[in-house]
Amino acid sequence: MTSNEYHIMATSPRELTQNPLKKIWMPWKNGLFVHILQRRVCMTNCPTLIVTVGLPARGKTYISKKLTRYLNWIGVPTKEFNVGQYRRECVKIYKSFEFFHPDNEEGLKIRRQCALTALNDVCQYLTVEGGQVAVFDATNTTRERRGTITRFAEQKGFKVFFVESVCEDPDVIAENIAQVKLGSPDYIDCNTEEVIEDFMKRIKCYENSYQPLDDVLDRDLSYIKIMDVGRRYLVNRVLDHIQSRIVYYLMNIHITPRSIYLCRHGESDLNVKGRIGGDSGLSGRGKEFAKCLGKFIQEQNIKNLKVWTSQMKRTIQTAEAVAVPYEQWNALNEIDAGVCEEMMYEEIQVHFPVEFSLRDQDKYRYRYPKGESYEDLVQRLEPVIMELERQENVLVICHQAVMRCLLAYFLDKSAEELPYLKCPLHTVLKLTPVAYGCKVESVWLNVEAVNTHRDRPENVDISRMPEEALFTVPAHQ
Amino acid sequence: MSQRQTKLTQNPLEKIWIPSMSSKLYRRRGSSVPQFTNSPTMIVMVGLPARGKTYISKKLTRYLNWIGVPTKVFNVGQYRRDATQSYKSYEFFRPDNQEAMKIRKACAIAALKDVCAYFMQEQGQVAVFDATNTTIERREVILSFAKENGYKIFFIESLCDDPEIIAENIKQVKLSSPDYAGCDKEEAVADFLKRIECYKVTYISLNDEKDRSLSYIKIFNVGSRYLVNRVQDHIQSRIVYYLMNIHVAPRFIYLTRHGESELNLVGRIGGDSGLSPRGNKFASALGGYIRSQCIRDLKVWTSHMKRTIQTAEGLGVPYEQWKALNEIDAGVCEEMTYEEIQDHYPEEFALRDQNKYRYRYPKGESYEDLVQRLEPVIMELERQENVLVVCHQAVMRCLLAYFLDKSAAELPYLKCPLHTVLKLTPVAYGCKVESIFLNIEAVNTHRDKPVNVDVDREPEEALLTVPDHI
Numbered sequence: 001m002t003s004n005e006y007h008i009m010a011t012s013p014r015e016l017t018q019n020p021l022k023k024i025w026m027p028w029k030n031g032l033f034v035h036i037l038q039r040r041v042c043m044t045n046c047p048t049l050i051v052t053v054g055l056p057a058r059g060k061t062y063i064s065k066k067l068t069r070y071l072n073w074i075g076v077p078t079k080e081f082n083v084g085q086y087r088r089e090c091v092k093i094y095k096s097f098e099f100f101h102p103d104n105e106e107g108l109k110i111r112r113q114c115a116l117t118a119l120n121d122v123c124q125y126l127t128v129e130g131g132q133v134a135v136f137d138a139t140n141t142t143r144e145r146r147g148t149i150t151r152f153a154e155q156k157g158f159k160v161f162f163v164e165s166v167c168e169d170p171d172v173i174a175e176n177i178a179q180v181k182l183g184s185p186d187y188i189d190c191n192t193e194e195v196i197e198d199f200m201k202r203i204k205c206y207e208n209s210y211q212p213l214d215d216v217l218d219r220d221l222s223y224i225k226i227m228d229v230g231r232r233y234l235v236n237r238v239l240d241h242i243q244s245r246i247v248y249y250l251m252n253i254h255i256t257p258r259s260i261y262l263c264r265h266g267e268s269d270l271n272v273k274g275r276i277g278g279d280s281g282l283s284g285r286g287k288e289f290a291k292c293l294g295k296f297i298q299e300q301n302i303k304n305l306k307v308w309t310s311q312m313k314r315t316i317q318t319a320e321a322v323a324v325p326y327e328q329w330n331a332l333n334e335i336d337a338g339v340c341e342e343m344m345y346e347e348i349q350v351h352f353p354v355e356f357s358l359r360d361q362d363k364y365r366y367r368y369p370k371g372e373s374y375e376d377l378v379q380r381l382e383p384v385i386m387e388l389e390r391q392e393n394v395l396v397i398c399h400q401a402v403m404r405c406l407l408a409y410f411l412d413k414s415a416e417e418l419p420y421l422k423c424p425l426h427t428v429l430k431l432t433p434v435a436y437g438c439k440v441e442s443v444w445l446n447v448e449a450v451n452t453h454r455d456r457p458e459n460v461d462i463s464r465m466p467e468e469a470l471f472t473v474p475a476h477q
Numbered sequence: 001m002s003q004r005q006t007k008l009t010q011n012p013l014e015k016i017w018i019p020s021m022s023s024k025l026y027r028r029r030g031s032s033v034p035q036f037t038n039s040p041t042m043i044v045m046v047g048l049p050a051r052g053k054t055y056i057s058k059k060l061t062r063y064l065n066w067i068g069v070p071t072k073v074f075n076v077g078q079y080r081r082d083a084t085q086s087y088k089s090y091e092f093f094r095p096d097n098q099e100a101m102k103i104r105k106a107c108a109i110a111a112l113k114d115v116c117a118y119f120m121q122e123q124g125q126v127a128v129f130d131a132t133n134t135t136i137e138r139r140e141v142i143l144s145f146a147k148e149n150g151y152k153i154f155f156i157e158s159l160c161d162d163p164e165i166i167a168e169n170i171k172q173v174k175l176s177s178p179d180y181a182g183c184d185k186e187e188a189v190a191d192f193l194k195r196i197e198c199y200k201v202t203y204i205s206l207n208d209e210k211d212r213s214l215s216y217i218k219i220f221n222v223g224s225r226y227l228v229n230r231v232q233d234h235i236q237s238r239i240v241y242y243l244m245n246i247h248v249a250p251r252f253i254y255l256t257r258h259g260e261s262e263l264n265l266v267g268r269i270g271g272d273s274g275l276s277p278r279g280n281k282f283a284s285a286l287g288g289y290i291r292s293q294c295i296r297d298l299k300v301w302t303s304h305m306k307r308t309i310q311t312a313e314g315l316g317v318p319y320e321q322w323k324a325l326n327e328i329d330a331g332v333c334e335e336m337t338y339e340e341i342q343d344h345y346p347e348e349f350a351l352r353d354q355n356k357y358r359y360r361y362p363k364g365e366s367y368e369d370l371v372q373r374l375e376p377v378i379m380e381l382e383r384q385e386n387v388l389v390v391c392h393q394a395v396m397r398c399l400l401a402y403f404l405d406k407s408a409a410e411l412p413y414l415k416c417p418l419h420t421v422l423k424l425t426p427v428a429y430g431c432k433v434e435s436i437f438l439n440i441e442a443v444n445t446h447r448d449k450p451v452n453v454d455v456d457r458e459p460e461e462a463l464l465t466v467p468d469h470i
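Order-wise, the sequence lines are chains A and B. Under full-length UniProt numbering, the first residue of the first sequence carries the number 1, and numbering increases by one thereafter. Under full-length UniProt numbering, the first residue of the second sequence carries the number 1, and numbering increases by one thereafter.
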């Protein structure tokens with residue numbers, strides 16, 4: 001920019017208007033919104049390629065999937081590329097570990113081809129499809145393979161971050177094989193012993209040529225080496241914000257078996273009246289639920305259970321009945337509906353019909369006037385998720401929108417699905433991490449409550465009739 | 001137990017719901033750190049002299065206190081200075097100097113005793129034990145001490161073999177040390193280098209094998225590389241994350257509020273108004289000032305509120321909007337004048353004066369909430385280099401308190417006038433502050449704590465310190 005241009009811009013600052021959906025103030029020139037920078041996690045233009053490194057059964061795919069889920073949840077478009085999957089598509093039927101034998105020229109050719117195809121898809125994702133992070137999930141155990149990837153990334157202008165998983169604990173490896181290899185498409189129709197035997201030989205094929213990331217030879221690379229499932233980490237040359245967040249996340253996750261219980265507060269007085277937000281106490285049925293929750297928790301006989309609530313009366317009243325020490329988190333408070341706090345949907349339609357339809361158009365990004373959006377909620381809840389990852393058995397007593405956000409994280413739901421996830425009152429969701437995902441058990445505690453779930457109506461236009469807007473409002477007093 | 005119908009009342013200051021009977025069940029996550037940590041933590045520094053141990057100790061302590069974890073540094077060198085007469089030479093640190101060894105060990109023990117007192121009597125949660133701790137023997141003493149008392153231990157070892165970094169350290173903080181008062185520069189450097197040599201003889205670094213059951217982080221060459229072993233809990237995880245984000249590259253941080261707003265003019269708080277004419281002038285002047293500073297790669301951050309964005313627009317450079325930088329939410333008092341607050345909510349107004357840091361507006365926020373909200377901003381500021389933050393009065397007070405190590409009691413009364421840029425330069429163990437008033441008049445929005453903060457005070461007493469407005 002020349003100093004003339006600077007001066008002109010400075011003396012005639014652009015007009016601002018507030019974008020009606022997200023309530024963001026944006027410059028407005030010649031009738032057009034000018035693009036401004038919203039604080040996102042990834043403020044660089046440079047996409048990042050995360051490359052896993054490690055022998056089979058070291059948790060690379062587990063880490064890849066989990067990391068991808070986390071990054072997408074916090075708003076960083078991320079996708080994993082599992083080279084084993086490409087190999088399965090290329091070589092329709094897996095016969096045995098012999099395929100992976102280092103002398104198997106044919107096998108090597110196919111495997112190399114698969115890696116290159118995957119890299120091309122990575123390129124497509126990061127340059128054309130708007131992806132920001134790609135996770136290249138393969139063994140990548142030789143320096144030569146890693147060199148190929150690094151050169152490829154350099155050419156395209158991607159940053160590279162290696163995630164190496166090193167583990168020699170035979171119990172951990174055996175557990176991995178039991179959890180995710182027995183059920184692999186490679187081993188359909190094999191019995192357990194056969195699988196284990198073949199897979200151990202498969203690992204052997206990689207062992208001789210394995211060149212772990214080296215302190216000296218690889219000192220200019222950016223990487224994290226995870227040793228013994230997180231007992232120990234070596235972190236080298238973290239380049240930017242996203243790599244720093246990734247390292248922090250990887251250092252907080254664990255694989256100790258545990259369960260996470262999610263539920264809402266008991267039915268509240270405002271729930272009964274069909275009003276949103278506010279800070280009311282429990283209704284009679286809500287109190288009944290609280291007692292049942294207490295009993296349920298006791299019966300579950302959970303080791304060292306932590307209980308978390310928001311700072312709103314209704315979750316605290318619910319926790320009091322569980323009779324276990326609980327922690328109040330401000331971050332777990334329900335979404336702030338701003339000017340619509342304590343209104344019924346019917347009243348919102350009367351007073352703010354435009355807002356009401358904007359919300360139906362994009363419920364994830366829509367921000368209430370002087371309030372919050374689901375997108376804001378996710379940002380607010382990130383420390384809660386981080387702490388949930390660190391913890392073991394936890395019961396989170398929260399609110400409808402909050403629970404949807406947390407659930408979306410555990411069940412890998414998109415921003416479109418998230419605001420419509422069903423989280424009814426008086427129902428506990430028990431989440432148990434298993435294999436690459438989460439098992440969900442839904443337990444209804446047999447105490448009636450109003451329905452507070454409003455589906456997306458068919459007509460979301462600003463010009464719609466009130467009846468069309470209110471069609472999906474659940475019944476209330 | 002099944003018949004318990006606990007009534008809840010809302011604590012009037014922080015608006016926290018608590019059971020009427022004194023229930024032991026609840027804990028409030030006031031800071032962003034869990035409250036259910038039972039064991040205090042000792043952070044033990046390890047490393048040769050001039051490796052940044054005291055720099056890290058002080059910075060970490062400042063950060064932990066800011067996020068609400070009571071933390072204190074115990075610098076054994078300071079104990080040594082208090083115990084001996086004036087420092088003569090490096091000979092004191094020779095490994096064969098029996099007399100000095102006795103004194104140094106006694107100082108370490110005295111410091112450990114004070115750590116104990118800090119935890120037991122002063123409700124401290126983290127103590128940073130800042131000394132070289134370069135021998136296995138010394139570390140064993142500390143480990144036994146902690147085990148006896150039930151404290152967790154986390155070691156931070158700083159390793160550096162880059163002679164330039166060490167020379168820079170010596171220049172920044174050793175030349176001005178009380179040990180070298182009145183010494184000529186070359187003498188001081190020569191003596192200090194000999195001091196380092198004294199330690200090198202007996203230095204045993206934390207060992208991957210032998211120390212594998214300890215919790216620690218090893219920092220290599222000012223952060224290009226880290227080795228992290230056995231992080232035990234939340235606070236250690238936060239400490240590791242913080243240490244991995246800080247750097248020592250020279251840079252400047254500019255803090256300023258938005259230009260004077262329409263609501264500022266009429267003495268109203270909060271809201272989302274635009275700039276007044278004088279505010280617009282300030283935006284242009286700010287642009288001029290920033291250009292005159294010729295800052296390399298400056299990042300500009302604003303909040304989501306119109307007035308900060310309008311101010312940034314005047315700079316003519318790209319800026320990023322952060323929701324986290326929004327002004328404190330005054331809840332039901334939004335857009336009121338102090339006079340109106342006194343009129344409608346006299347009790348709230350008094351409670352706020354009684355404890356401005358913890359006071360939460362009804363349906364709004366407290367300064368304590370603000371700090372929690374701003375923590376990611378601080379973390380990113382640590383990662384960045386040159387940044388200009390255009391924000392708001394309460395927000396700026398919180399950020400400033402972090403950089404200048406102000407307590408929770410001082411924070412809400414820090415002076416952050418309109419149309420004034422604060423330029424912060426990290427130097428030695430702290431921050432240099434330059435205040436630049438851009439010469440455009442604006443209303444004063446600073447309300448001092450009045451003398452009478454009782455709920456039953458007269459309205460005039462409450463409004464005594466309200467600044468003038470239209």
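By construction, these hints were calculated from the structure, which means they are not laboratory data. Don't be surprised by glycine CBs; every beta carbon is placed ideally from N, CA and C. There may be inaccurate statements among the hints.
Covered stretches of chain B, going by a simulated chain A footprint (3 or more residues, C-beta under 8 Å) [to be verified]: (1) 51-61; (2) 240-247; (3) 296-306; (4) 402-414.
So, going through the hints one by one against the coordinates:
1. Here's how the region 51-61 of chain B fares: 0 of its residues keep a CB closer than 8 Å to some CB of chain A, so the rule of at least three is not met and the hint is violated.
2. Given a C-beta distance limit of less than 8 Å, the hint that chain A covers the region 240-247 of chain B holds, as 4 residues qualify and 3 suffice.
3. Taking a C-beta to C-beta cut-off of 8 Å, the region 296-306 of chain B contributes 4 residues in contact with chain A, enough for the three needed, and the coverage statement holds.
4. Evaluation of the coverage hint for the region 402-414 of chain B: breached, as 0 residues show C-beta separations to chain A shorter than 8 Å, against a requirement of three.
Checked against the numbered hints above, the structure breaks hints 1 and 4 and satisfies the rest.
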